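Engineer: Given next are the chains, with one letter for each unit.
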Amino acid sequence: MRYSTGGYLLGETGKSIWRSKMSSFLSCATTALSLFLLGIAFLINLNLNFMFTVVQNQMEIQAYLKRDVTEVQAAATVEAVRKMPGVSEARYVSKADALEELKVMFRDKTAVLEGLGNENPLPASVRARTASPADVPKVVAEMKKLLTVDDVIYQEEASRRLASLGRASQLVSLGGMLVVGLVAVMVIGNSIRLTIDARRHEIGIMKLVGATDEFIIGPFLLEGMALGLLGGLLGEGMVVGLYTWMVGGLETVLPFIPIAKLTSRTAVDMLGIMLVTGVAVGVIGSVVSLRRHLNV
Amino acid sequence: MISLRSVTKQYGASLLALDDVTLDIRKGEFVFIVGPSGAGKSTLIKLLYREETPTEGQVIVGGKDLGKMRRREVPFLRRKIGVVFQDFRLLQDRTVGENVAFALMVTGFTGRDMTKSVTQVLSLVGLKERQDAYPGELSGGEQQRVALARALVRNPDLLLADEPSGNLDPGTSMEIFRLVERANMYGTTVVVATHARHIVDAMRKRVVELRKGAVVRDVRRGAYDY
Numbered sequence: 001m002r003y004s005t006g007g008y009l010l011g012e013t014g015k016s017i018w019r020s021k022m023s024s025f026l027s028c029a030t031t032a033l034s035l036f037l038l039g040i041a042f043l044i045n046l047n048l049n050f051m052f053t054v055v056q057n058q059m060e061i062q063a064y065l066k067r068d069v070t071e072v073q074a075a076a077t078v079e080a081v082r083k084m085p086g087v088s089e090a091r092y093v094s095k096a097d098a099l100e101e102l103k104v105m106f107r108d109k110t111a112v113l114e115g116l117g118n119e120n121p122l123p124a125s126v127r128a129r130t131a132s133p134a135d136v137p138k139v140v141a142e143m144k145k146l147l148t149v150d151d152v153i154y155q156e157e158a159s160r161r162l163a164s165l166g167r168a169s170q171l172v173s174l175g176g177m178l179v180v181g182l183v184a185v186m187v188i189g190n191s192i193r194l195t196i197d198a199r200r201h202e203i204g205i206m207k208l209v210g211a212t213d214e215f216i217i218g219p220f221l222l223e224g225m226a227l228g229l230l231g232g233l234l235g236e237g238m239v240v241g242l243y244t245w246m247v248g249g250l251e252t253v254l255p256f257i258p259i260a261k262l263t264s265r266t267a268v269d270m271l272g273i274m275l276v277t278g279v280a281v282g283v284i285g286s287v288v289s290l291r292r293h294l295n296v
Numbered sequence: 001m002i003s004l005r006s007v008t009k010q011y012g013a014s015l016l017a018l019d020d021v022t023l024d025i026r027k028g029e030f031v032f033i034v035g036p037s038g039a040g041k042s043t044l045i046k047l048l049y050r051e052e053t054p055t056e057g058q059v060i061v062g063g064k065d066l067g068k069m070r071r072r073e074v075p076f077l078r079r080k081i082g083v084v085f086q087d088f089r090l091l092q093d094r095t096v097g098e099n100v101a102f103a104l105m106v107t108g109f110t111g112r113d114m115t116k117s118v119t120q121v122l123s124l125v126g127l128k129e130r131q132d133a134y135p136g137e138l139s140g141g142e143q144q145r146v147a148l149a150r151a152l153v154r155n156p157d158l159l160l161a162d163e164p165s166g167n168l169d170p171g172t173s174m175e176i177f178r179l180v181e182r183a184n185m186y187g188t189t190v191v192v193a194t195h196a197r198h199i200v201d202a203m204r205k206r207v208v209e210l211r212k213g214a215v216v217r218d219v220r221r222g223a224y225d226y
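As they're listed, the protein sequences go chains A and B.
Quick note: the first sequence uses this note's numbering, first residue 1, plus one each step.
Quick note: the second sequence uses this note's numbering, first residue 1, plus one each step.
Hints are computed from structural coordinates only; laboratory data are not their basis.
Model, not experiment: these values are computed from the prediction.
Warning: the hint list may mix true and false statements.
[As the list claims (entries may be wrong)] Chain A is faced by these chain B residues, among others (derived, beta-carbon under 10 Å):
#, residue
1, Y49
2, E51
3, I60
4, G62
5, L66
6, M69
7, R72
8, K80
9, F85
Don't be surprised by glycine CBs; every beta carbon is placed ideally from N, CA and C.
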């Protein structure tokens, strides 16, 4: 028979996780839930960025032309806008086109249109899109300089709202993550406490024969880390599974809603964040419990 | 080796476990601490391996003042001290060999050195053949021999025993004490707190008697009673 220190740490960790299966399972599950919420926050962020890009790309800048602008001047204006750096597309919308658009938009509310009589109060306009949302302010400024242009409007408000909606939902999910994360720390702490109780006799002997505090707490820290790590894996699985399932469903039911695909790169990034956070939760839980229940 | 200077140990407001104890024990000595229950014998032993610290006075072991010793130095003190208790304190889910190896493992011994030391010390206490048995399969006397082997496996400078024969019949107790005496002959200082009158009388070692926390007698080659 040989006696070795080699497998001691791992052996102890495995044994104690197995010995308190229920508590270990609960620890993993709450950690997983917390990290699941973290993953949701991560995916909300991913989707907001994605939607933001999509919506901004769809956003048109409208330059209303002055009333006295001729067809020739209007054509020249469109040309000038088209040549501006950052502009991907520009087109002319005449007074008549604008009225047609209005009629389509309000086809159910004929009263609005009747109120107009035979007048067409709508101005002609040049509508432009930019290649990147970042180019919008620059293009707007350029357009305002044109003599034929009366006023330039673009949907600044829409992008601002989208951004604040995004921030709000992220805050909610991150808040949820913190709360559940705190619960996870406590549940892991409790799991470690059970291990401490189960091993109190052994720890007494360890101290008696001259084990250092570091040696004594080793297996406990490792147990907390292992529980956190397992929680991280479980959380990632939950997020990826749910998201893939949801995206599949939504794409058939609501094909016009832009949803970001979860690439393997993103999934790996997320896994990294989850494992690191899981281990941190595990270590914090162990340390809190060790400080409270074990005089080391 | 050991020097207690006006040591007082008070638990809470009312319990005075040791009252102004001054005592010197030289290297290589064998000392029995005797006295009725509650006289302070266990407290004295606990002070020596720094399970407790004195309320007043100094406890010096191996040149170190244990009252001033920093927490992180304590494990290193204990590596030079073997301790044996009445209740053996063995790990029931580990074999005899593993129990003894435990004392080496927690202090960083590895592989071959550990295996060799364990086998040697188990031969010394006569349990080499039983090293794969579990404590539950052993008699009380055998379990105490395992505990003794664990205490001795690192060749400690000091061996402390708190009622080591408290759970054993007289014949078995004598076996244990013969082993302790053997360790003492190899140079280990021994301090034993005991009620075992027949053993103290038979071995004729230095006897320190405590009553109500105070030393009332300290004689060379003494007996349990006057």
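Engineer: A separate judgement is required for each hint: does it hold in the structure or not?
Structural biologist: Each hint, compared with the structure:
1. The beta carbon of Y49(B) comes within 8 Å of a beta carbon in chain A, closer than 10 Å, and the hint placing it at the interface holds.
2. Satisfaction of the interface hint for E51(B) is found here, the shortest Cβ-Cβ separation to chain A being roughly 8 Å, below the 10 Å cut-off.
3. Given hint, I60(B) at the interface with chain A, is violated; its Cβ is 19 Å from that chain's nearest Cβ, farther than 10 Å.
4. Given hint, G62(B) at the interface with chain A, is violated; its Cβ is 13 Å from that chain's nearest Cβ, farther than 10 Å.
5. Because the beta carbon of L66(B) sits about 14 Å from the nearest beta carbon in chain A, more than 10 Å, this interface hint is broken.
6. Nearest Cβ of chain A to the Cβ of M69(B): about 13 Å, over the 10 Å cut. The hint is violated.
7. Annotation: R72(B) was flagged as interfacial toward chain A, and the flag holds, the nearest CB pair being 7 Å apart, inside 10 Å.
8. Proximity of K80(B) to chain A holds as hinted, the smallest CB-CB distance being about 8 Å (cut-off 10 Å).
9. For F85(B), the interface hint holds, since its Cβ comes within 10 Å of a Cβ in chain A; the closest pair sits about 9 Å apart.
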